[in-house]
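J.: Make the complex out of the two chains shown on their own, each in a separate frame, by following the hints.
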Amino acid sequence: MTLLALEGSIELGIIYAIMALGVFLSFRTLNMPDLTVDGSFTLGAACSAMLAVAGHPWLGLIAAMGAGFVAGNVTAWLHTKLKIQPLLAGILVMLALYSVNLRVMGGRANIPLINQTTIFSLLEGNDLAPLIIPVTILILIMVLLFLFLQTRFGLILRATGDNDQMVRAIGGNTDFTITIGLALSNALVALSGAIIAQYQSFTDISMGVGMVVIGLASVIIGEVIFGIRSLLRRLLAVVLGAMVYRLVIALAMEAGMPPTDMKLISAVVVAVALSMPVIRDYLLERKKRWVTRYGGEGGQADAKDK
Amino acid sequence: MLKINNLSKVFGQGSQNEKQVLKQINLTLAPGEFAAVIGGNGAGKSTLLNCIAGVHPSDSGSIMLGDYDITNWPEYRRSRLIGRVFQDPLMGTAYAMTIEENLAMALAKGKSRGLQPGISRSDRRNFRDRLAQLELGLENRMSDKVGLLSGGQRQALTLLMATIVRPSLLMLDEHTAALDPLTSRKVLQLTRDLVAAEHLTTLMVTHNMTDALAFGTRTLMMHEGSIILDLQGKERSGMTVETLIASFKKHSGEELVNDRLLLS
Ligand SMILES: Nc1ncnc2c1ncn2[C@@H]1O[C@H](COP(=O)(O)OP(=O)(O)OP(=O)(O)O)[C@@H](O)[C@H]1O
Ligand SMILES: [Mg+2]
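Chains H and L are the protein sequences, given in the same order.
Numbering of the first sequence is given in the working numbering, commencing with residue 1043 and proceeding in unit increments.
Numbering of the second sequence is given in the working numbering, commencing with residue 47 and proceeding in unit increments.
With the rest of the complex left out, here is chain L (with noise of 0.2 Å):
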């Protein structure tokens, strides 16, 4: 589904501050994969997931996704094939537009944005569906703006935008770091379900030792901007919290540090 080649990232190119952020990434994931994406401070995860969406054009390299050869193509037409949950919960709503309009907005991706009616009354009642399989009460709160939903509830909301129309590809940047660990639990549970529903092909960012190995069909390890360790099988399986991160240790030659990394 997702197959990248030799795709590297330089800041500041030419200047002082040069830095090489992704170093010839290699990295294939079949249909129906669910990679976690596990790393220290400035390794180079978010990166890695801005230039597959576009939000950076990469320097060399190229990304395919399905059938396309999206190396070139602009942000907003990559969004048609990827949906995107970020860490800010600000980040994947328009808050000062109802969670219907926001819904709505999501729900053409794909489609001309013409002058056709923002939403049709079958939008509604499809919505309201959607919504109260999230159990948050949402669906009664349709004309709410989304400025006046909590964290975890946009987050909620922004999962269900970025897969009302079905994505190639999943991107999750950390979706649960800036939530409280129930809420957090919540919408990684919600997550893991929805993803199972629909068997998306997934990569997901966390800080979390024990959900990356839980969580999905694989996990990789990125470190100075090179996937350092990648998992899958029976090698998964076997690890526990303390054996990755002495993996870690043997294949980079450092501690693993990253300030919101959690072992538990």
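Chain H on its own, in the form it takes in the complex (with noise of 0.2 Å):
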């Protein structure tokens, strides 16, 4: 792999981790796959390009947390208020949002950023800057998730994706839990589109797609490789995760595969990880049955088993 081509990945990386994180809140903490992170992070690229335009990178990337936030809390109205399930919830707001990214947009299905403003200015000149800034904000957030998850909020947040029966029985109102946890989880996922769009100098209505599916592949890889042992730990597999996936993808490419498998090759890897458990039993029975025929080692273990 050439330099440039690592260098690229691992800024990719580090934006998308931050995506990655607002997908560890709602399918991990809150233990719900919230499909609406396909329209949330176009909408928060399609407020950070129109704004970028108007001359305020920075002021974007705050406006598309606040819209990923609102799109998070529609989400949870409908599950919790209205007694959606959380994947059609998230389905219908995704879909939403394609017509409200579009109004956002002016209409438009793309938007060039060439020449514009944008968060990057900040350190003109240097060739570092698409790493630095990206990096800052992702440490930035890490702390800030690392110290939330410990507070009070922050407890009773992680409980309610483990119980949340108990949540209740111990005085938690776990709809507000929920509203709260998916509309950060949203504004994180927001951000990071806010991101790539000025990172990438464009914004594109379908550039969402399938962005939910990355997000957990990344979790997951990252919970493979890295282990769930503490919440510190957690929060770094998931950077980790986001970072070893973009390699993964960059490899894949270098390899000759054509970018537009890649959507094909994320799904294959999020079924795979998610299937661990059945493959792993299927497994085990199969080893333990050719044992049962053909004899273990020395056939000493057999008489053990009867």
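No wet-lab data here; the hints were simulated from the structure.
Hints should not be assumed to be uniformly reliable.
Claimed, not checked - With a Cα cut of at most 20 Å, we get these calculated EDC-like pairs of lysine to aspartate or glutamate:
#, chain 1, residue 1, chain 2, residue 2
1, L, Lys49, L, Asp105
2, L, Lys191, H, Glu1166
3, L, Lys191, H, Asp1217
4, H, Lys1123, L, Asp169
5, H, Lys1125, L, Asp169
6, L, Lys191, H, Glu1265
7, L, Lys157, H, Asp1217
8, L, Lys157, H, Asp1206
9, L, Lys191, L, Glu220
10, L, Lys65, L, Glu79
Unchecked claim - Footprint (simulated), chain L over chain H, 3 or more residues, beta carbon under 8 Å:
#, segment
11, 1085-1091
12, 1202-1209
Claimed, not checked - Sample of chain H residues with no beta-carbon within 10 Å of chain L, all distances over it, derived:
#, residue
13, Lys1125
14, Pro1154
15, Phe1190
16, Ile1212
17, Tyr1241
18, Ile1307
19, Ser1317
From the three backbone atoms N, C-alpha and C, an ideal C-beta is built for every residue, glycine too.
T.: So, in structure tokens, the structure goes:
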């Protein structure tokens, strides 16, 4: 892999890690796969592009987070108040956001940001700007998230995904924890979309397609490789998972795979990762049967079994 | 302390499976009263507790707890006054979180749950002392995840969580039914000690007839959605398991059937 490609995928990995942290919030701490993500990622990018064009790139990031927060709120409201299943609630908001995003983008399907002032202009002339600025934002978010998840509210937010019945039994309002959790999750996703838009200098109406799957892949890859021992470790694992995912994609492209196949690969990665328990059981069963039929190491284990 | 008036509950209203599970229940518990509830399968014991806790909305009637009319409160709000332990040891705790995190969540009951630190140093000291009283060695495992604990340890922990902020009412729904006999005894003993130490008003469903007479100050027997027998004082102390079964038959006109009922 060329150094340039490596640098590019690390930069992307860091920006996408913010999105993956958002997916971690909904998928792991609330135990809800939230499909709003595909829409809120583009929503963030759209807000960011429009405000960057107007000359306010940083305001664009803040507006993106606000918009993502609202989008998450709507999904949570559909689920907690109207009792729509989380998966379907997310799909509905994702669909609605397609129209909303087009409106935000003034009816255009893409907005170029060539020669605009962006957040990266802050370190004009510094070649490492595309790395330094996202890393700073990511570290800030990790620290805030780590502290937040250990506050009184953070504890019941995490417990909601574990056992919502228990949270209500100790006086926690699970409708509220779900609402704040989904809102924060989508705020992070939108922030990630907002940074990507300015990083790649354009926003496209379909740039969020499959984003939730990439987020899930990052979370799961991180867990498999780096473990889930402690909260800090889990957060770090998500970030590293997002970077590993980018590297894998870069390698696949290096090997000659067309970029259009990347979504297929992402889907396969997530399907395999999610079915890991079933695959493991199947392999263990196979091994057991093989041992009973052809004998284990020297038959002694067999004798013990009987 | 607890005053239930004409409480009724129908499941599946208007459907083919419509079933009246609670029929005009009236029940008053004085402060510090400890009532054991017993009854056959499907008598409505769990439903009664769930209606008090707000898991199910009730169809008619009212529930007063302390000075509050909680009839229309959502479940989480009632929980600020009520401590609960469930039959399933998995239900009372968050398994992927640590023992001290679970206790900290329970300790925040009734306080604002904002961005304050979840666990303070003095909380930890408090938890250590409380856990040591359980004599299960949990005080040295405070940062272990609850998923690593046995069923009995979890029920003991849940009991501690339910009472760490003094509840106006403690409700236990067959909280030892999933435990082996020895552990079950230990958890019951712990229950008795905790309730006595804090003079807690308590409602405990049990399937053990002996316990229903031995524990607490009052025995309630439910059948088909009604309380058919309410024993206290002399009448109760004179009861044996045999006379209890006989009086069930007299009041309900049926044999007592409960898969899990223990007569010994
Ligand atoms: N959510 C529900 N929807 C419909 N019917 C229910 C529901 N919960 C309980 N029931 C029915 O209400 C009746 C009373 O159930 P409940 O669980 O209160 O009985 P119980 O006295 O606790 O019995 P057990 O000793 O078996 O625990 C049963 O017939 C049960 O099938
Ligand atoms: Mg029951």
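J.: Which of the numbered hints are not met once you compare them with the structure shown?
T.: Of the numbered hints given earlier, those the structure breaks are 2, 3, 4, 5, 9, 10, 11, 15, 16, listed in rising order.
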